[in-house]
Amino acid sequence: MSGQLAAVLGTGQTKHVAKRDDVSIAGLVREAADRALEDAGLTYADIDAVVIGKAPDMFEGVMMPELYLAEALGAIGKPLIRVHTAGSVGGSTAIVATHLVQAGVHERVLTVAFEKQSESNAMWALSIKIPFSQPLVAGAGGYFAPIIRGYIRKADAPLDTGFQVVLKDRLNALKNPYAHLHQPDISMEQIIESPLLWDPIRYAETCPSSDGAAAMVIGSERAADASSRPVAWIHGTAVRSEPTMGAGRDRVNPHAGRDCAKAVYAEAGITDPFREIDCAEIYVPFSWFEPMWLENLGFAEEGTGWKMVHDGTTALDGDLPINMSGGVLSSNPIGASGMIRFLEVANQVRGTAGEHQVDGARKALGHAYGGGSQFFAMWVVGKDKPK
Amino acid sequence: MTAEPITGIVTPIRLDYTYTPGTSPSQFLRGMKEGRILGRRCPSCAKVYVPPRGGCPMCGVEFAEEVRVADTGTLVTFAVVNVNFANRVIDLPYVSGEVRFDGSDTTSMVLVQGIPVDQVRMGMRVKAHWLPRDEWDFTFANIDYVEPLDEPDADYESYKEFV
Ligand SMILES: [Zn+2]
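Residue numbers (my numbering), protein chains in the order written: chain A, 1 to 387; chain B, 388 to 550.
Just so you know, the hints here were simulated from the structure itself, not pulled from any lab data.
Misleading hints may appear alongside valid ones.
Mimicking DSSO-like on lysine-lysine, the simulated pairs with C-alpha atoms at most 27 angstroms apart in a straight line are [to be verified]: (1) Lys129/A with Lys420/B; (2) Lys420/B with Lys434/B; (3) Lys154/A with Lys262/A; (4) Lys154/A with Lys434/B; (5) Lys262/A with Lys385/A; (6) Lys262/A with Lys387/A; (7) Lys547/B with Lys434/B; (8) Lys514/B with Lys547/B; (9) Lys307/A with Lys547/B; (10) Lys262/A with Lys547/B; (11) Lys15/A with Lys175/A; (12) Lys154/A with Lys547/B; (13) Lys129/A with Lys514/B; (14) Lys514/B with Lys154/A; (15) Lys307/A with Lys154/A; (16) Lys514/B with Lys434/B; (17) Lys262/A with Lys383/A.
Since the structure is predicted, the reported quantities are computational estimates derived from the model, not experimental observations.
Starting from the given sequences, assemble the full structure and let the hints guide the process.
Dropping the structure here:
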């Protein structure tokens, strides 16, 4: 462990939907923060500092929104820190909050992440024009599709692997009242027949565009011991990045992701992640990223992650359940998506995940990535206090 | 009469900027104006970057030697884009390819034309199709697209590190 102990005291999220036109951005983050405080049995007065994250400001066209959100988050007169790491930001935001507690700076920190995609056009914000490149990148799918094609070739993976991932995640989402997509009629046929948007990615294999927010209260050992609610102890945190344009960079199995996983397992005292981790929420915006990240995270040997999809290992009742909540494939308020992964695994080890609870989950991994797969953030949380 | 509440308004936003490319990228853009693809070699790892920035992001050292790379290359991977998006200038579906130009150690995203979409393959050998010379400017867009070369496909082992 690094520094003092820290734990998740409470979590909250909004019901993720395509368009929340009943609330402003401030109303949206307030809703998640209120729920996290209520879950922790605390009030805004108990909070020492606020750490907030979201994806690039152009996604809503509101520059430095944290300034105007200070009031809604009860941060007037308190430290308010903004974190920027593209799509991984929800994870790294929670980690910054954790470090403030582990360093002994604060007793209780409120951490919040959000995106209100309906207020602008993220695809436009991602399709920038610079003189070094042709205007070809049609949003994130246009960027990631060639990498997925690379994975399929390298791993010689069956083409229906992606379909299996979507089917699993969308069925899991039916057990999660906060998930954006609830598709009770989802079927393999429906997935296969959905349009090919960015070959090899079909429409059904992509994440939705969501409005949503997530929040957690992170507290010190003293605060956690004083809490009457179940807590999730933070066993390890790690962030890593790598140069997006580096020559010889492995975009299918990025070095920074492997390093980040190694670091978080080392801090959490984990030597065999497949055996020691009970379940994980990992950032899968396009179906094929599940097998890719299983390999990157050390759960499977390189080139074999797809086998764990096909043999049911990653199903809700499998040996290593992945994305029990339905994952990013079922809800994607971009900036919040990483924090939702972290929050969901905290709830798993607290035993408060509800219908998508994994029985007896004691140790779980939350994972987020962002940009062109160059930012990674991970944490391991546990039911038991770290030794 | 009861008026509907106003819950939002649509206001277009824009961001205009002047791009200052710096020394290495400026040379690259000057090369493009003359129909040449100019990269730079890292003195530490010997990799050739196209387009070059100030230095090698892997080694953290300044680039040295300028290297002219060919306008022929290998299509290492690609996407078939079939989705509409703002500012799109190309008819759908189109192939957005990652091309490793011969002599370069990086890939560039380039439009692939001159072949039916369903016949595009990883490993296909391609050549740049330049805009007419009088339209050349300080931009990579002088390469309008790449088209297939009449050559056998490259062996997978020869390009897999770029996938
Ligand atoms: Zn180098």
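Here's how the hints hold up against the structure:
1. Lys129/A with Lys420/B: holds (18 angstroms)
2. Lys420/B with Lys434/B: holds (24 angstroms)
3. Lys154/A with Lys262/A: Satisfied, since the Cα-Cα distance of roughly 23 angstroms is no more than 27 angstroms.
4. Lys154/A with Lys434/B: Holds - the C-alpha atoms of Lys434/B and Lys154/A are around 23 angstroms apart, at most 27 angstroms.
5. Lys262/A with Lys385/A: holds (21 angstroms)
6. Lys262/A with Lys387/A: holds (19 angstroms)
7. Lys547/B with Lys434/B: Given pair Lys547/B, Lys434/B holds - Cα atoms ~16 angstroms apart, limit 27 angstroms.
8. Lys514/B with Lys547/B: holds (19 angstroms)
9. Lys307/A with Lys547/B: With Cα atoms ~22 angstroms apart, Lys307/A and Lys547/B stay inside 27 angstroms; holds.
10. Lys262/A with Lys547/B: Judged against 27 angstroms, a Cα distance of about 25 angstroms means the pair holds.
11. Lys15/A with Lys175/A: Answer holds: Lys15/A to Lys175/A is near 13 angstroms, not above 27 angstroms.
12. Lys154/A with Lys547/B: This hinted pair holds, its Cα atoms lying about 8 angstroms apart.
13. Lys129/A with Lys514/B: Cα-Cα ~23 angstroms, so holds.
14. Lys514/B with Lys154/A: holds (25 angstroms)
15. Lys307/A with Lys154/A: Judged against 27 angstroms, a Cα distance of about 14 angstroms means the pair holds.
16. Lys514/B with Lys434/B: Measuring from Cα to Cα gives roughly 22 angstroms; hence the hint holds.
17. Lys262/A with Lys383/A: The hint holds at about 21 angstroms.
Comparing the model with each earlier hint shows no violations; every hint is respected.
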